[in-house]
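K.L.:
Below are the chains, spelled out letter by letter.
Protein chains: 2
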Amino acid sequence: MKIKVGVSLRHVHLTEEDYNILFDEDLTVKENLNQPGQFSANQTVTIENNDKKIENVRVIGPNRTYTQVEISRTDAYYLKLNPPVRTSGDLSDAEEITIIGPKGSITRKSCIIADRHIHITKEEREKLNLTKDIYQIKAEGEKGGIFSNVKIKEAPNSYFELHIDSDDANAFDIKQNDKVDIIE
Amino acid sequence: MKIKVGVSLRHVHLTEEDYNILFDEDLTVKENLNQPGQFSANQTVTIENNDKKIENVRVIGPNRTYTQVEISRTDAYYLKLNPPVRTSGDLSDAEEITIIGPKGSITRKSCIIADRHIHITKEEREKLNLTKDIYQIKAEGEKGGIFSNVKIKEAPNSYFELHIDSDDANAFDIKQNDKVDIIE
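Which chain is which? The protein sequence lines are A and B, in order. Be aware that the first sequence starts at 595, since it is given in the working numbering, and climbs by one per residue. Be aware that the second sequence starts at 595, since it is given in the working numbering, and climbs by one per residue.
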């Protein structure tokens with residue numbers, strides 16, 4: 595069964611309160627994402643750990659009930675952090691990181707590497723018979739292979755899509771909107 | 595069957611002639627690599643494409659009969675290049691890139707993304723019964739999976755080792771000297 599690829603580049607989610615510490619302006623939509631209601635904002639931040647920083651990290655809106663920084667392992671080596679692989683919203687053992695906006699900065703135990711996951715509605719899941727909680731994804735090509743531990747993330751108003759990070763995409767030489775296979 | 599992981603970071607191989615355009619000093623050993631005779635040199639270069647550059651790219655010695663720049667897909671996006679996936683020494687369709695040393699600079703059709711491969715001697719290959727030319731590699735862990743198209747690279751004086759690039763290693767969260775499985 596084929597599924598469309600969504601590549602998550604490094605990004606941050608912010609609480610309303612944290613957003614207002616970092617920015618004076620309103621959060622505004624740069625581009626809508628495939629997941630309904632979610633958008634890439636015009637606002638960006640700098641993320642920093644000691645003397646290492648990465649600029650122009652996109653804020654993803656709308657604001658959430660938690661502040662979370664999602665980076666790749668490549669970014670983590672550069673920032674000298676060792677974040678755990680987590681499902682979005684699970685900040686257990688998350689790394690402390692500083693987030694800098696044009697107005698102010700915050701330091702939060704908020705940095706993770708996102709797990710691989712598939713967004714799907716309950717209805718679609720039943721229709722496609724994706725009853726298991728974890729699948730594997732196979733990609734063709736010279737640098738292809740199989741991703742293990744891809745979690746099913748069922749929620750209303752989901753757009754059926756695989757989310758992987760930039761390391762996964764670049765290792766397998768796959769891009770946004772490519773089609774890959776869900777296997778057992 | 596287990597095999598040790600060697601992670602190839604971005605690096606360059608140079609011909610004697612090109613080396614002497616870039617450097618005034620002799621090529622010197624910083625650290626011996628696992629492959630007998632091969633070493634990470636004290637010398638580094640900057641690689642550049644138009645307005646994008648990456649500094650401190652290690653020269654791997656000894657000098658060879660070809661000049662070759664090996665980068666990851668992540669580097670390629672940054673440099674705005676689209677190099678092909680190639681076995682070392684095969685520069686067909688390689689991207690043109692500028693290599694800058696302390697003495698001078700060269701521009702060569704030399705940039706590739708290295709394929710995944712296994713170094714092995716003829717004797718070890720027979721002993722381990724690795725008769726096929728291509729295998730798959732499986733890595734455990736939360737971000738584990740399988741690499742397809744891993745080529746057997748038989749040569750005298752080889753050290754039995756899997757070579758993958760930094761994108762592959764970071765996607766699967768594996769490191770230099772980790773052990774992974776060779777599968778059919």
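The reader is advised that the hints may include incorrect statements.
When chains are identical, the list treats them as one kind, so a pair holds in a single copy or across two.
Claimed, not checked - Below, a list of computed lysine-lysine pairs in the DSSO-like style, where the Cα atoms sit at most 27 Å apart:
1) Lys703 x Lys747
2) Lys745 x Lys647
3) Lys726 x Lys697
4) Lys773 x Lys703
5) Lys745 x Lys697
6) Lys732 x Lys596
7) Lys646 x Lys674
8) Lys716 x Lys647
9) Lys732 x Lys745
10) Lys598 x Lys773
11) Lys773 x Lys721
12) Lys598 x Lys732
13) Lys646 x Lys773
14) Lys726 x Lys769
15) Lys624 x Lys674
16) Lys732 x Lys747
17) Lys732 x Lys773
18) Lys773 x Lys674
19) Lys674 x Lys598
20) Lys697 x Lys674
21) Lys624 x Lys716
22) Lys697 x Lys598
23) Lys769 x Lys703
24) Lys745 x Lys773
25) Lys769 x Lys745
26) Lys721 x Lys703
27) Lys697 x Lys747
Hints are computed from structural coordinates only; laboratory data are not their basis.
K.L.:
Please go over all the hints and tell whether each is borne out by the structure.
P.N.:
Now for the hints, and whether the structure bears them out:
Taking the shortest alpha-carbon separations for Lys703 and Lys747, only the intra-copy value of 24 Å comes in at or below 27 Å, while the best inter-copy value is 45 Å. Neither within a single protomer nor between protomers do Lys745 and Lys647 lie at most 27 Å apart by alpha-carbon distance, with minima of 30 Å and 37 Å respectively. Taking identical chains as interchangeable, the C-alpha atoms of Lys726 and Lys697 are never at most 27 Å apart, the minima being 45 Å within one chain and 60 Å between chains. In the homo-oligomer, the alpha carbons of Lys773 and Lys703 never lie at most 27 Å apart, since the shortest distance is 35 Å inside one protomer and 32 Å across protomers.
In the homo-oligomer, the alpha carbons of Lys745 and Lys697 never lie at most 27 Å apart, since the shortest distance is 37 Å inside one protomer and 52 Å across protomers. When the C-alpha separation of Lys732 and Lys596 is checked against a cutoff of 27 Å, the pair qualifies both within a copy, at 10 Å, and between copies, at 22 Å. In the homo-oligomer, the alpha carbons of Lys646 and Lys674 lie at most 27 Å apart both inside one protomer (8 Å) and across protomers (24 Å), since each shortest distance falls under that limit. When the C-alpha separation of Lys716 and Lys647 is checked against a cutoff of 27 Å, the pair qualifies neither within a copy, at 40 Å, nor between copies, at 47 Å.
Proximity of Lys732 to Lys745 under the C-alpha cut-off of 27 Å is found in both arrangements, the shortest distances being 14 Å within a copy and 19 Å between copies. Proximity of Lys598 to Lys773 under the C-alpha cut-off of 27 Å is restricted to the intra-copy arrangement: shortest distance 5 Å within a copy versus 32 Å between copies. In this assembly of identical chains, the alpha carbons of Lys773 and Lys721 lie at most 27 Å apart only when taken from the same copy (19 Å versus 40 Å across copies). Taking the closest pair of Cα atoms, Lys598 and Lys732 come within 27 Å of each other both inside a single copy (12 Å) and across two copies (24 Å).
Proximity of Lys646 to Lys773 under the C-alpha cut-off of 27 Å is found in neither arrangement, the shortest distances being 36 Å within a copy and 30 Å between copies. When the C-alpha separation of Lys726 and Lys769 is checked against a cutoff of 27 Å, the pair qualifies only within one copy, where the shortest distance is 26 Å, while the shortest distance between copies is 30 Å. Taking identical chains as interchangeable, the C-alpha atoms of Lys624 and Lys674 lie at most 27 Å apart only when they sit on different chains, with a minimum of 23 Å there against 30 Å within one chain. Taking the shortest alpha-carbon separations for Lys732 and Lys747, both the intra-copy value of 18 Å and the inter-copy value of 25 Å come in at or below 27 Å.
Both within a single protomer and between protomers do Lys732 and Lys773 lie at most 27 Å apart by alpha-carbon distance, with minima of 10 Å and 22 Å respectively. Taking the shortest Cα distances, Lys773 and Lys674 sit within 27 Å of each other only across copies (23 Å), while inside one copy they are farther apart (33 Å). For the homomeric pair Lys674 and Lys598, the shortest alpha-carbon distance between copies (24 Å) is at most 27 Å, but the shortest distance inside one copy (32 Å) is not. Taking the shortest Cα distances, Lys697 and Lys674 sit within 27 Å of each other inside one copy (26 Å), while across copies they are farther apart (33 Å).
With identical chains, the CA atoms of Lys624 and Lys716 are never at most 27 Å apart, being 29 Å at best within one copy and 57 Å at best between copies. With identical chains, the CA atoms of Lys697 and Lys598 are never at most 27 Å apart, being 38 Å at best within one copy and 48 Å at best between copies. In the homo-oligomer, the alpha carbons of Lys769 and Lys703 lie at most 27 Å apart only across protomers (25 Å), although the nearest pairing inside one protomer, at 30 Å, exceeds that limit. Proximity of Lys745 to Lys773 under the C-alpha cut-off of 27 Å is found in both arrangements, the shortest distances being 17 Å within a copy and 25 Å between copies.
Taking the shortest alpha-carbon separations for Lys769 and Lys745, both the intra-copy value of 20 Å and the inter-copy value of 24 Å come in at or below 27 Å. Taking CA atoms no more than 27 Å apart as the test, Lys721 paired with Lys703 passes in neither setting, with 39 Å inside one copy and 51 Å between copies. In this homomeric assembly, Lys697 and Lys747 never come within 27 Å of each other (Cα to Cα): the closest approach is 35 Å inside a single copy and 55 Å across copies.
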